[in-house]
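Asker: Residue numbers (this note's numbering), protein chains in the order written: chain A, 1 to 278; chain B, 1 to 278; chain C, 1 to 226; chain D, 1 to 384; chain E, 1 to 384.
These are computed hints drawn from the structure, not numbers from a lab.
Just to be clear, a hint being listed does not mean it is correct.
Said to hold, decoys possible - Pairwise CB distance ranges, derived in the manner of DEER restraints:
| id | chain 1 | residue 1 | chain 2 | residue 2 | range |
| --- | --- | --- | --- | --- | --- |
| 1 | B | TRP190 | E | ARG170 | 21 to 29 Å |
| 2 | D | ARG201 | E | ALA359 | 19 to 27 Å |
| 3 | A | SER94 | D | ARG332 | 23 to 31 Å |
| 4 | A | GLY228 | C | GLU220 | 45 to 53 Å |
| 5 | E | ASP268 | D | ARG91 | 52 to 60 Å |
| 6 | C | ASP110 | B | ARG61 | 25 to 33 Å |
| 7 | A | VAL99 | D | ARG91 | 26 to 34 Å |
| 8 | C | ARG32 | A | GLY228 | 20 to 28 Å |
| 9 | D | ARG332 | E | PRO40 | 18 to 26 Å |
| 10 | D | ARG201 | E | GLU376 | 40 to 48 Å |
| 11 | D | GLU376 | E | ASP377 | 19 to 27 Å |
| 12 | B | PRO195 | D | GLY142 | 48 to 56 Å |
| 13 | C | VAL135 | B | ARG61 | 27 to 35 Å |
Since the model is a prediction, treat every value here as computed from it, not as a measurement.
Using N, Cα and C, we set each Cβ at its ideal position, and we do this for glycine too.
The lines below spell out each chain.
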Amino acid sequence: MTDDRRARPPRARDAAAGHLPRILALPAILGLALLVVPLGGLVARADWSRLWVDVSAPAARDALVLSLVTGAIATAVCLALGVPLALLIARSRSWIAAVLRVLVTVPLVLPPMVGGVALLLLFGRTGPVGGWLNGAGLALPFTAAAVVIAQVFVALPFLVLAVEASVRSIGVDYERTAASLGAGRWHVLWRVTLPLAAPGLVAGVVLCFARAIGEFGATALFAGNSPGVTQTMPLAIYTAFNGSGVDQGPAVALSLLLLVTAVAVLLLVRGWRPGSVR
Amino acid sequence: MTDDRRARPPRARDAAAGHLPRILALPAILGLALLVVPLGGLVARADWSRLWVDVSAPAARDALVLSLVTGAIATAVCLALGVPLALLIARSRSWIAAVLRVLVTVPLVLPPMVGGVALLLLFGRTGPVGGWLNGAGLALPFTAAAVVIAQVFVALPFLVLAVEASVRSIGVDYERTAASLGAGRWHVLWRVTLPLAAPGLVAGVVLCFARAIGEFGATALFAGNSPGVTQTMPLAIYTAFNGSGVDQGPAVALSLLLLVTAVAVLLLVRGWRPGSVR
Amino acid sequence: APAAPEGGALTVYAAASVAPAMEEIAQAFEARYPGVDVRPIVSDGSQVLATQLEEGAPADVFASADEATMARVAPLIHDPAVLATNTLVLAVPPGNPAGVQALEDLARPDVTVVLCAEDVPCGAASARLLDAAGVAVEPASLEQNVGGVVTKIAVGEADAGLVYRTDALRGDVVAIEADGADEVVNRYPIAVLRAAPNPEAAREFAEFAAGPEGRAILAELGFGAP
Amino acid sequence: MSRAVVPAGTHPVDGADAALEADVVVRRGAFRLDAALRAPHGAVTAVMGPSGAGKSTLLAALAGDVRLSSGSIRLPDGTVITRRRHLPASRRGVVLLGQDPRLFPHLSVRDNVAFGLAVRGTRKDVARRAADEWLWRVGLSGSGDHRPRELSGGQQQRVALARALAVTPRLLLLDEPLTSLDAETAADIRAVLHDQLSSTRTTALIVTHDAFDAAALARRVVVIERGAVTQEGAVRDVLEAPATGFVAAVAGLNRVHGVADGGAWRADGVDGDVRLAAASAAEVPDGAGLVAVFRPADVRVERAAEDTWTGALRLAREEPRPVGRWLARVVRLEPTPGGARVHTSRPDVVAEVTAAQLAALELAPGDPVRLALEPEDVRLLPAG
Amino acid sequence: MSRAVVPAGTHPVDGADAALEADVVVRRGAFRLDAALRAPHGAVTAVMGPSGAGKSTLLAALAGDVRLSSGSIRLPDGTVITRRRHLPASRRGVVLLGQDPRLFPHLSVRDNVAFGLAVRGTRKDVARRAADEWLWRVGLSGSGDHRPRELSGGQQQRVALARALAVTPRLLLLDEPLTSLDAETAADIRAVLHDQLSSTRTTALIVTHDAFDAAALARRVVVIERGAVTQEGAVRDVLEAPATGFVAAVAGLNRVHGVADGGAWRADGVDGDVRLAAASAAEVPDGAGLVAVFRPADVRVERAAEDTWTGALRLAREEPRPVGRWLARVVRLEPTPGGARVHTSRPDVVAEVTAAQLAALELAPGDPVRLALEPEDVRLLPAG
Ligand SMILES: Nc1ncnc2c1ncn2[C@@H]1O[C@H](COP(=O)(O)OP(=O)(O)OP(=O)(O)O)[C@@H](O)[C@H]1O
Ligand SMILES: Nc1ncnc2c1ncn2[C@@H]1O[C@H](COP(=O)(O)OP(=O)(O)OP(=O)(O)O)[C@@H](O)[C@H]1O
Ligand SMILES: [Mg+2]
Ligand SMILES: [Mg+2]
């Protein structure tokens, strides 16, 4: 896919790229363009004079911090719950795995708003879990915790499916080797399975984090749109969008802020960074 | 993770499941519960007497068909554009791959609504691409094609990232073997790379399809909400939700319809089905 | 005169369309009663807010975009008062490329029209207005909220649409008066919640908003008097 | 020659002395392994067998990678494993070096070797130093920082061996540890392996295809064919008295079926009368099955009087038929470093000739040759 | 013995006769391969070398898996490949069977073998029938429907070989094709390989660690050590006159450095005077470097008169020092199937003794022994 005929420094290079049809570069670039050009248009239309004002407003800052903090916590929770779930699915017999995979996939399909309703019905004052929590003096909805739950609900499937595919691809041979060298189950998990699943894990974390900080519908319903408490960036963008009428200046400005921050965070994730392992 | 002590038919079973800590079943089940229980609540709250009426309304049927058709087309387009892009990223040097991966990930972070605005600015009557298309007598907005474009825009990153991780895990050794047996690039792609990447491909297709038929924000803005033409299930659900008054009956009913259909479709996807390859 | 509220925090849930007005009213209210801290306005679609209130959202005051939604949460509130009214106008892109002048023009086949979905308040009002005028429109899209209509007209995607006067004022579209629009009036009710954590301030805020100061702010933003 | 008729049979190790006592039944698809074996304490047992015989399956069952279908395994520490009482691999104290080196691709070579030590809680720097020493012992000092994929096949094999040896387990299972190594390196590694195993008195099972490796490293050998143990005993005894064609091939011997016939041995199913003299043939009754075993190098090859096979055959019919000399047809000539192997048919016998002899004989496939064998070079075994 | 001083040097094949002419320079990390070789048309060339010498790298460069750093390759069809003109693997007409069988895990065994045929557009049923025949030839008929992971290591190796042979390429590169096969199976497969290569007159390069495989399959051998060609020539010539210690080890020979000294040969760097007689030593001037090459089996081992090393050494100092006899110390005893190898030091010499001799000698490491060697068993080569 790269040009093999270009002169290179006189060092042996594995002729790896050469094994795939070069014409695939065409649809690849088309796909990339479809993703990138609209964003470029957005940037081009941005009102740079007002951008800084919009971006530096305290509400924007609050929303950004809230988004990052809840997104990070949600990603951590997704890792804690999703990686075990992915391992469970990857190592189950095929029909159990199929059922579990469908169960995990279903929430993906649900419009997030309906997910929010579902969460509200479950954790709300009158819901089974919510009522019980209420009794214990804990109210989840309309708090930052609700934001995290909503984000976990929508983002978890992404992590699980990405990690599961990766763990499945690895197979059990390396785990066996480790076990026969005396490694216990935890040692195998930390030192063998997870490092080998790194590409899938990184992909899963990125999908999960991106989905979490981009989450809008479920959060809006379950956590509410309370500035400073539950108003994440997408909600702020939505509010700005609705409040601003025609010129989407503030909404676009906030979107760009979210994008730039997300890129910065992604570049910090190992593997999304230049020089990472191949 | 499965119980090794249970009596089994007297046939050697590879002791594969035994290499991971069993206690991981706990967070795994918790994660699964978090995904499944809210849906259960939704089902429990559904008004079964009215369900059938809501579900069988012509508007619901139209929306469902539109969703499935556009979702399928969008998934096909994502495959056609996304698989090459994933291969390109997986086989690029690490820093190019990192840049490409970030570019692909960025649209994930964007609230879909903003994505819709970006698409509108690009493909709209006055946009650079839209103006040009208009000259050729093609108008995208308010058509089913716009729905597909919106879905591709939001779903493509999922496919790309899942497939990329999988292709990267496989490495190039099998491709080399195939090439040295004389297989040309296309043969290698079809007979070696893609079959070996199957788990990632299946995961990618499922994520992509699920995201596409769940897509709401970008579609609403870019394609509009015209029943029978651009009103997909999520838009119908949102409309129903807005018009529902006290009980969210119709919205819940439509959500359940979407869920059931999605499960049926997922079960048809190879690999999500019992008895698939491990 | 009612006793001045002791102070404390006040949470106002306001429909997206009145949220900017509520923001300004809240500032004026805080200036009047320095002890009261009005939290940033929580805004969303009326239905979303209603659902949240039903599930126990900790609000003091609820300002809805239509009376139907207020009726939905009737068990949760004290008697509502009408805060403001709004009427529809024809919105066209700057320059009015399709030359739309009156409601009848919306029926022209060469005019791309977008309206609100009938399920949302502005959509219901649009339908009533068009019915009354006897104009049959085939809209290209039924948007989920006014923002969708305004955006599509502003970027020139649609040639015309019906939006509230207040929305047309805020944006980059040209408003054209529609005949008979004043017959179809949308009322914005405001109410205090029974479960309000700060009932005194809530009552005071509702009265303040519906009172002269509030009405002046609303009028400035294009709302009509009740 | 008296040993000839009392072959190295299936003399198991005494139960008391056995570190490992296994009666392994495993089914894998259509294949069924059913092998009982005992490994003496602190000594090396070689496992040999044809490709696909079940050697790796046996090792996998012992290591815990595969469950028993039935039978049982008593480990050196006394733990008994059965189908229902499966002990995970990590808790058996058994280290398996599989046929594939399977180095962890995400760890450096040094960390690969240190893996087993790290598992046992050895301090990091201690483990790394031990790993470096092991790398030095297998001739790979300086490769510690490399990734496994940057090593050659043989180098990977040695790293895997170092990784397995570094943990000094109670029971060590090595699946073809010296494969894909050149003669020089293999000799070095064999010495390292021998020193380590004997100095730590590790009980070990080594799968190997090489009789030299088996002789150099192991005291006993267990031969597995088609899932069952076919011969077992001290290495030299087994190699000297191969009970099956496979063992004969491993020992580099000819093994021909025949019967006792008037104090001599006569080949089975061959129309040309092929007879061999051997002292022990007189001890068994006529018609009893006997297997003749002899070295290819002991077979003398002479050109037949006639140049063509048919001519030679005609001549042979008129000639007297002396014991220990017969007419054979060259099937194939296989060059060897020192000359050639002459493959002949009826019975299938291989003769080894030096380069000088080969030049003098001017043989080609299809030629008739006269083969001769001295009685003292023939060993007769009862047919199994 | 006249050949002794004119060793099998680096006699390349004539350019006109060469199917493959390669001058390969490849850098991989710190390793640099710089090897020039020619392979004769329609014949098999063996590639031998120590572990990590660069054999697989050479094959990878020829197959197109690795780019040249410099140099060039002329393929059988005349195409010339250089650093800048890289031809992808699939268009070289070169088939490489790597060290790892690397069967496609998603295809059945049959489809694996048929893969190369399918690539060439062979009809599906024809390809499958051909694959089934190949499976039969490598002794795996009936395994066609299995997945590769259901096969044993040796079975996988054979499938990979069948897959490579099935396509009858212009140039075939086999990296240790017979490794991990038992003696019996290896012999069968060697025969299949030999028949196929000679009947199709395929130009082939075979990496092997086994002198017997090299002799049986190849006409010529190229020895690669530390990235460079150190010896090249007809297999038997090279094995008889090893230019390096590695080749001597492969040939199973002792190779001891020394100098010409008054018509005899004297070992280097050994204080005890070790001298050997050989006809050719007289032909070279005194002090010229000479390498003595002899077979371990030709070294006679006798017990020294004294039992301890120091005692023997004292005695030896007083004794006359005959040519062809010297005092040595046993370093290690390595059992072999037929007896043992006695490793001695100063100079490092290995002697092979039979089981009977071993029993009579009662040796142990550290013991002094007297070694003797007949002049006609010694070959002297100029030191490289
Ligand atoms: N997972 C499996 N499913 C079905 N059959 C299997 C499986 N694994 C191995 N077998 C079969 O079991 C038999 C024994 O395999 P095993 O690997 O134990 O042989 P081996 O003696 O180690 O041979 P080699 O010397 O070639 O390594 C083979 O015939 C193989 O086809
Ligand atoms: N990708 C790589 N990066 C760095 N060094 C490498 C790489 N691949 C191989 N090497 C080095 O190149 C040298 C030659 O390797 P090669 O695989 O060619 O050896 P070989 O002769 O085939 O050995 P063996 O007999 O063990 O297979 C080795 O020292 C190895 O460490
Ligand atoms: Mg095996
Ligand atoms: Mg190699």
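Asker: Tell me, which hint numbers fail for this structure?
Answerer: 3, 4 and 12
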